[in-house]
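K.L.:
Hey, can you piece these two chains together into the complex? The hints should help.
Here are the chains, one letter per residue:
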Amino acid sequence: MTGLVGRPVARVDGRVKVTGAARYPADDPVPGALHGFLVTSEVAKGEVTDIDTSAALAHPGVVAVLTHRDMPRLTVPPFPYLKGFIPMQDTAIHHVGQPVAIVVANTVEQAHEAAALVAVRYRAERPRVVIDDAAGPPHLPPPFRNRPNEIKRGDAAAALARAEVRVEARCSSATRHHNPIEPHATTAQWDGDRLTLHETAQGVNLTKGTIAAVFALPVENVRVVAPYLGGGFGAKGPLWSHTIINAAAARVLRRPIRLVLSRAQMYTMAGHRSEFRQHIRLGATRAGKLTAILDTTTAQLSNTDEAIFNASESARLLYDCPNVHVRQEGVRLDVATSSYMRSPETTAHFGLETALDELSWALDMDPVELRRRNHTEFNQETGQRFGSKHLLKCYDMASQAFGWSQRKRKPGATKDGDEYVGWGMATEMHTFGAMPSNASVTVGVDGKVVLRTATQDIGTGTYTIISQIVADAMGVPLDVIQAHIGDTALPVAGLSAASATIASVSGPVDRAARAARDAVVGLAVADERSPLFGVPADEVETRHGHLIHSRNHQRRDSYRAVVSRAGEPVEATGSGPNLPGLSYGVVFVEVRVHARLGSVRVTRVVTAHDIGRVMNRRTARGQVIGGVTWGIGHALMEHTVYDRNSGRVVNPNLSTYLVPVCADAPPALEALFVDEPDPGSTALGARGFGETPITGVPAAIGNAIYHATGRRVRDLPITQDKLL
Amino acid sequence: MRSFSYASARDSAEAVRLAGRTPGAAFIAGGTDLLNLMKDGVQHHQHLIDVNKLDLARVTESASGLRIGGLARMRQVAEHHAVRARFPVLAEALLASASPQVRNMATMGGNLLQRTRCGYFRDTGSACNKRVPGSGCPALQGWNRGHAVLGGSESCIATHPSDLAVALTALDAAVHVLGPGGARRIPVGEFYRLPGDTPQVETSLRPAELITAVEVPRHPTARRSRYLKLRDRATFEFAVVSVAAALDLRGHFVRDIRLAFGGIATKPWRSAEAEAELRGKNLTVATVEQAGRVLVREAVPRQGNEFKVELVQRALAELLLDLGGLR
Ligand SMILES: Cc1cc2nc3c(=O)[nH]c(=O)nc-3n(C[C@H](O)[C@H](O)[C@H](O)COP(=O)(O)OP(=O)(O)OC[C@H]3O[C@@H](n4cnc5c(N)ncnc54)[C@H](O)[C@@H]3O)c2cc1C
Ligand code: SF4
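Respectively, the protein sequence lines represent chains A and B.
Residues in the first sequence are numbered from 1 upward in steps of one, following the UniProt record's numbering.
Residues in the second sequence are numbered from 1 upward in steps of one, following the UniProt record's numbering.
Bound conformation, chain B alone (with noise of 0.2 Å):
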């Protein structure tokens, strides 16, 4: 790790004020992604930011939804009773999440915006695009198990690892931004960029921006709603595949739903096509079916992520079965 200075901001706007300062400057939150980055030599930042003592960590409900705020941590929202009463796939998300330690650290903020688990882009003995841009990916012809069969590019293929995000792309969630231009709300589906041929730019976050808030609307989906998560050990550990399915359904009829998917993609997945399958018909076997064959549409595997083609299309057809009370 380089040495770096640091200095902790007392609200939101000096916060920003100070990373607009200095450049190659970040703010830390929990620590829990951006220490390890630096101390791997995978990230350098000659000043950090501690935004641990802004007031932006309370969760609190509306007629309208929930706001949560950019600094609450991942245990708090989880255990929140309306979190867990109105959106169930909001604190299974986060209980799926990493172990208790890291929960209890680990901030809304800094887990939208932890980096991919690539083994590559974490050696950096190793060519990647997303860590030097142009050295090349090496994962297109080597280990690439845990990466993306979709919204891949030549690039790139490396998935982002947060399951947070998924829960929030099926929530249609909105993140709330304060930065040098001013404050603006960036809804959730245009948060995350493909990696198309620049993968080192991986949101529409602006310099020196601040998260400061994630708003969840309300929503007939929204209690209705749940997480799977697939991984090669019980815990403590990232998705191979997850799904975040959301539903408002009329005995077996659907009437609306949502689907995203972790694991799979190169940002976290949302499958208008797959929805557009199944809204307006009766969840059976067969229509579920029909839905998992579209999502997997356009997938690009490779040796070592063909059998998530698979399991992705299982997974959701566990999920919603079990959801719609057919299995």
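Looking at chain A on its own, in the form it has when it is part of the complex (with noise of 0.2 Å):
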């Protein structure tokens, strides 16, 4: 054993990335291919009645403009599809921002001129696009993907009434937008009936599969390429529309095209986290005992889908409560679809966690106290005991690192210049998914390893972690291992998201390396000419890249020598079952407030997390860092502004939609972790983990603000005009 997983292995890709070496999808050269410009709605709502192609058809270089009137006929993909419809099929429109043409040029800077050449009429109808123009009150939407919308447990609304301490919150949250720093891309290119995209995609395999069903082509046909992304949080999941309106254009020029979104047109044409309202009640007894949960949600939603996705699934799971009624409602508006964000429960969460912070003061006790006396180790929906659950110890190791025995049990007693000091915390819990996954490892005659799997490095560190797996089961070092991904000419793998990469594929690469090694031990063994012949092969330890007798330390082999002798690579694969699970931890987090202007600083944050096993420190700390920084964008500055008269979003772009900076980010980060192995994982140990860490943060920043300034703000973002 070199005993490399759990290290804080340095990235494996940083060289080829901060050098510019790495091909993106909008890198890959593909040979003759032209660019493609989308033409999108100005209006929210009606139809389109006339597009004037023709003065974009003269521009220089144009060589084709696709509409509805000449586009083929598509089917509307199955899930993940989430929009409910192919733009450019018809002339309705269903949002702002909907393609309603595609421009196809020779170069990017022609399509995008003759784009706005492109003369459309509309009838226009008023739109509503936020909760508060909805048209009538919210429904309860069909089951999404079998889950339905109500779950109740026991008696919550006679329990709440009977409760010795009620509290009671109305929470609300802004649209958010993913924005990636990689916009979304798309290259088609085909040959007959067999079709390549190079697309920004988190999952290439479900990518592949929707995109098959759109063109009633047999899978096979298809290949999906996407070996590097700059960043998803989600939005690069499904697939959208862009993808299908081009791959059709490129199939009806007989023309491979590229199409790269446009920062604005990212903004309505690849999902985004709902306009959120939230109702939420707790029932307690004086001991602190949670009795009732009551979780009312109002989700934003288009015209066109009724997927909700900000679920409140902690309402659910988190905690030992009897009675829970969860209703997920939405109303539908004239805007654009909503989807998975990195993590969808966080809108939810900050209701929930906000909730019990207000029933701690109500009940004067301390808010971490509060969660121990109503922690579970069961799962409250099956009934099963969890079967490693370290959520206490999180609490134990947060709470001491941070020093939290010195809160003061009083708001706005601490202050420290200009500024109230506040600390707060908050539980932090996600699931996460898991799919089954394939992968080979082939060692060639040169000794250097090659790990092929169809799975995604999203920036998460998944090109280290499972160079770090082949290298421990196989004894060699790092830099004989190559990982090849993001390709579905490799063998099927889970896709990037709901945490799910580790969780998939550490286990199908644990499999293959070790049984590439022991089929080269087992050629080693029997071949005369090999130091080791005739050594029983569980008598052979491999180390460095070595094949060494565990009894005589001089009879030793190498890989190299192996392979190269039998003169042909020696290749062998892994598959493998592969469980969700739920990751937990807590954050606790300390405020600044400046007593008259109201500005909010984050000045010292500690997590601890338990995930099972850390798979590599270093990656594991830069899903911290991300997810607190990301939450703290959540709680503090990020929101999408649509205008409420022509259903525009007026902020589409990181100038006027602020995300964090580095000086937003706190001075000082401690992310602790548990490090228990998890006995039922089906990945060395390890469970999902990526999101986990942005879900408390929001909460444990409003509680820390109240802690600081006795003012409870229950809606986000918290901007300082809140706080004066």
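Rather than coming from a laboratory, the hints here were simulated on the basis of the structure.
None of these values were measured; they are calculated from a predicted model.
Virtual Cβ for every residue (Gly too), placed ideally from N, Cα, C.
Incorrect hints may have been included.
[Said to hold, decoys possible] A few chain A residues that face chain B, going by a derived Cβ cut-off under 8 Å, partial list only:
hint, residue
1, E42
2, T107
3, A116
4, E220
5, N221
6, V445
7, V492
8, R596
9, M637
10, R644
11, N645
12, R648
13, D715
14, T719
15, Q720
[Stated by the list, open to error] Pulled from the structure, derived: some chain A residues nowhere near chain B, Cβ distances all over 12 Å:
hint, residue
16, G3
17, D27
18, V368
19, H375
[What the hints assert, rightly or not] Cβ-Cβ distance ranges computed for the label pairs, FRET-style:
hint, chain 1, residue 1, chain 2, residue 2, range
20, A, D416, B, L326, 42 to 50 Å
21, A, R166, B, P100, 50 to 58 Å
22, A, V16, B, L326, 54 to 62 Å
23, A, D416, B, Y6, 53 to 61 Å
24, A, D416, B, S8, 34 to 42 Å
25, B, L326, A, C662, 30 to 38 Å
26, B, G31, A, G61, 31 to 39 Å
P.N.:
Dropping the structure here:
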């Protein structure tokens, strides 16, 4: 064992990324590719009455302009296509920014310029785009992917009525966009009935199946390639309509076409986190035991789909409570389709963890103690005992590191210069997915090891961790390993969403590597030319690329020598079942609120997480830094603004949609891990983690602001004006 | 973006000549605003005249004050020793602007002429009187959190986004220009115009006029001057509210004072009335609060920007009490 798994190994793809050698999907050279640019609807509701493409067609370099009049008829594919309709199939307009034409030209600049020359006329109706303007009351949408939107356990209303202590909170949150730094990009290349897509996809196989359905192609006719991704945050998980339109245009024109969304187009074409309302009520005993949770939420829905992504998972699962009533409602509005966004539970979790904080004040009980009293070792819905859950240890570790016992039990009690200082905390929870996956490992005659699996690295460190796994399983150094991922030509693997990557691929990669090792050992002990000839295979150890007789270290061979003597590469495969599950943690934050100006700074954060075995401390810590920063954005600044009259997004750019900058990140951040392998894990003791460390951050910040100032803000983001 | 032609001018006279000759021409300096506007289709120019080669990037100090070349970069001016020592409000306003990368590129002239960040102005799918005169102003009833409470009209309530311009307004600076009609000097107070019913006209610059320099006079208030900028994130963001103050104090007695404000008005806002409340009086919490009340007396807040009326008064108090050593 070289024991790389668990160590803070630096990214193996770091060099190619910082030198620009890494090829992202829009960088892959595709000979003869034309460039597409979409013309999108200016109005939010109504229909296209006329499109004049003559000026655009006359523009130098323009090859074609396609509209609903000349697009082929296409089949709306099933999940994970979320949009419910394919644009440019008819004249109806469902939201601002809906594609109405695609201009195809020899250069990007020509396509862009000509797109402005397409004259579109609309019959426009007055849109409704924010929850306040909804035409009617919210409704309960049908189950989404078999998950009902109303869940009841016990009798929550009755228990609330009987409760010794009650709290009630109404929370709200603005629309948010993912804003990965790499824009969505797609290149479609047809060869007869075979399609290759260079696609910014979080899951190449998922995208492959979906696009095949659109064109009624046999799945094996499609190849999707995405070796690197410049962030996704959920936006690049589902297939979106621009990919379909671009592929259809490429088929019509019989030429490859590359299409890159503009930043502004990303605010209407590739999902978002819905505007959200939450009415939460808690009932408890005076001793702090929860007796009732009632959680009614309202999400902004489009007019063409009814999926709710801001799920109230934690209200159902996080605490021991016999009476729970969750109702996830929606209102249909003239906006684009929403989707998964890191982490979908965050919005509703804010209400739960805020209400718990309010309950702790009502009970005059420490908020950590309140959460301990409601801790459960059992899955609240199945009744099954969790195999491995160390949340209580997280509370211990983080509260001690933070110095929580020094907290003053009175709001507004600590002032440092011009600022009030406040401490807050929240529990974190995330349900992670896992998808069946496969991997292959090949040892070449040069001793190099090639790992193949069609998973993704969306910036989270997959390349590094799967290389660590191979190194440990085979006893080879990292630098002989090359990982190939992000291509459907590789063994099928799950997507990088729902924090599922490590949970999905670790087991299969490990099995493939062990099988390759065993195959090479088998060759060595059977080969007369090997110093290990005749040694029982189970007495061979592998270290640093060598095969060594465990009883006599002088007898040794190497991967390179064995395979080169064999004259041909050795290949082995691995696959395996994968189990979804839950990851936990806690976040403590310190904020400073300017006494007179209301500006908020997050100055100190301590987290502790139970994620099973920590595969790589550096990348795990990276997820915490990213998650905390993302949570700061969610709590204090990010919001998408719709103009209520026109339905347009008014801040579709990174200069007015504010994401945190370095100076907003906390100057001190400590990321602790329990690091106990989960015996039930199918991933070498690890669990999914990536989205977990944002979930509690917004509530912890809101709770800390209350502790600092005595003011409870339940409407996110908490901008300065709300604290004047 | 539409295609355009490009020429690089060798000297100011040539730049002006080229600009005068081609209708719809624009100067390009750092390009940090102009190119965004052109890419987004907000502005179109058939011809760009690159002025980066002109010898207009010097900062010189004389007995009468500073002369800053129109092409001096934001970073260069912010780091200049005379600016930091004797006109601190200017250095602070520049350092509180944009990001190091933008400040390395962006120039004085370009900064003063940058366009508003009003989201409707920068979205060609929206109506906007400033971009398309007569098309309407959706900000009046729409998203106006970033908009002005002073100096607005029923045509436009967009703020001017420059921090530099606010500091220069507090310093009584003047803008030197060269145009087809020759050179002239425009006091900064007359450089920017209120929107009235022509919000598309933002300055008193005439066609083809080039900003050659900014002149900052020496003044007893300049040395004790400071800039306070409040915004929605820690850096790299325009002002929600900003205050530039320059004070000549004897003890707590205000011999002279100059106050300018950003984020609250349609142009860099100088308030003679607020200054008058303090000049010749002692700086106290009461006089400062009175000056704040006078400042916002004529404010016309809208739904999304009402908080600015309160916030700017607090920001003013914060800065003055700090500057006067009262905190
Ligand atoms: C992300 C971002 C954040 C920013 N944040 C801030 C901020 O916080 N505070 C702030 O004050 N600014 C901020 N800015 C704006 C920035 O300061 C301006 O973009 C910059 O100063 C413009 O200077 P430039 O030289 O690049 O001008 P250009 O973009 O080259 O030109 C701008 C305009 O000025 C004209 N022009 C340029 N030079 C001359 C001249 N010498 N004579 C006549 N006309 C001329 C051009 O024709 C054009 O119309 C930000 C910009 C960005 C992109
Ligand atoms: S405030 Fe001015 S710039 Fe903004 S939309 Fe109205 S007219 Fe246009």
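K.L.:
For the range 54 to 62 Å, tell me whether the beta carbons of V16/A and L326/B fit it or not.
P.N.:
For L326/B against V16/A, whose Cβ atoms are near 57 Å apart, the range 54 to 62 Å holds.
K.L.:
Could you say whether the range 34 to 42 Å given as a hint is met by the Cβ separation of D416/A and S8/B?
P.N.:
Since the Cβ atoms of D416/A and S8/B sit about 54 Å apart, the hinted range of 34 to 42 Å is violated.
K.L.:
Should the label of V368/A as a non-interface residue stand, given a Cβ cut-off of 12 Å to chain B?
P.N.:
Correct as stated: the minimum Cβ-Cβ distance to chain B is 29 Å, above 12 Å.
K.L.:
Tell me if the interface restraint on N645/A is satisfied: Cβ within less than 8 Å of some Cβ in chain B.
P.N.:
The hint holds - N645/A has a Cβ within 8 Å of chain B, the shortest such distance being about 6 Å.
K.L.:
Beyond 12 Å on every Cβ pair: is that true for G3/A relative to chain B?
P.N.:
Consistent with the label, G3/A stays out of reach of chain B, its closest Cβ about 41 Å off (over 12 Å).
K.L.:
Does the Cβ distance between D416/A and L326/B fall inside 42 to 50 Å?
P.N.:
Distance hint for D416/A, L326/B is violated at roughly 19 Å.
K.L.:
Do the Cβ positions of R166/A and P100/B conform to the proposed distance bound of 50 to 58 Å?
P.N.:
For R166/A and P100/B the Cβ distance comes to about 52 Å; the hint holds.
K.L.:
Going by Cβ atoms only, is Q720/A closer than 8 Å to chain B?
P.N.:
7 Å, holds
K.L.:
Go through the hint on M637/A and say holds or violated, using the shortest Cβ distance to chain B against 8 Å.
P.N.:
OK, holds: M637/A within 8 Å of chain B, min 5 Å.
K.L.:
Go through the hint on N221/A and say holds or violated, using the shortest Cβ distance to chain B against 8 Å.
P.N.:
Since chain B brings no Cβ nearer than about 38 Å to N221/A, farther than 8 Å, the hint is violated.
K.L.:
Closer than 8 Å between Cβ atoms is the bar; does T107/A clear it against chain B? Give me holds or violated.
P.N.:
11 Å, violated
K.L.:
Hey, does the E42/A contact hint survive, CB to chain B under 8 Å?
P.N.:
Since the shortest Cβ distance to chain B is 4 Å, the answer is holds.
Violation of the numbered hints given earlier is confined to hints 2, 4, 5, 6, 7, 13, 20, 24 and 26; the remaining hints are satisfied by the structure.
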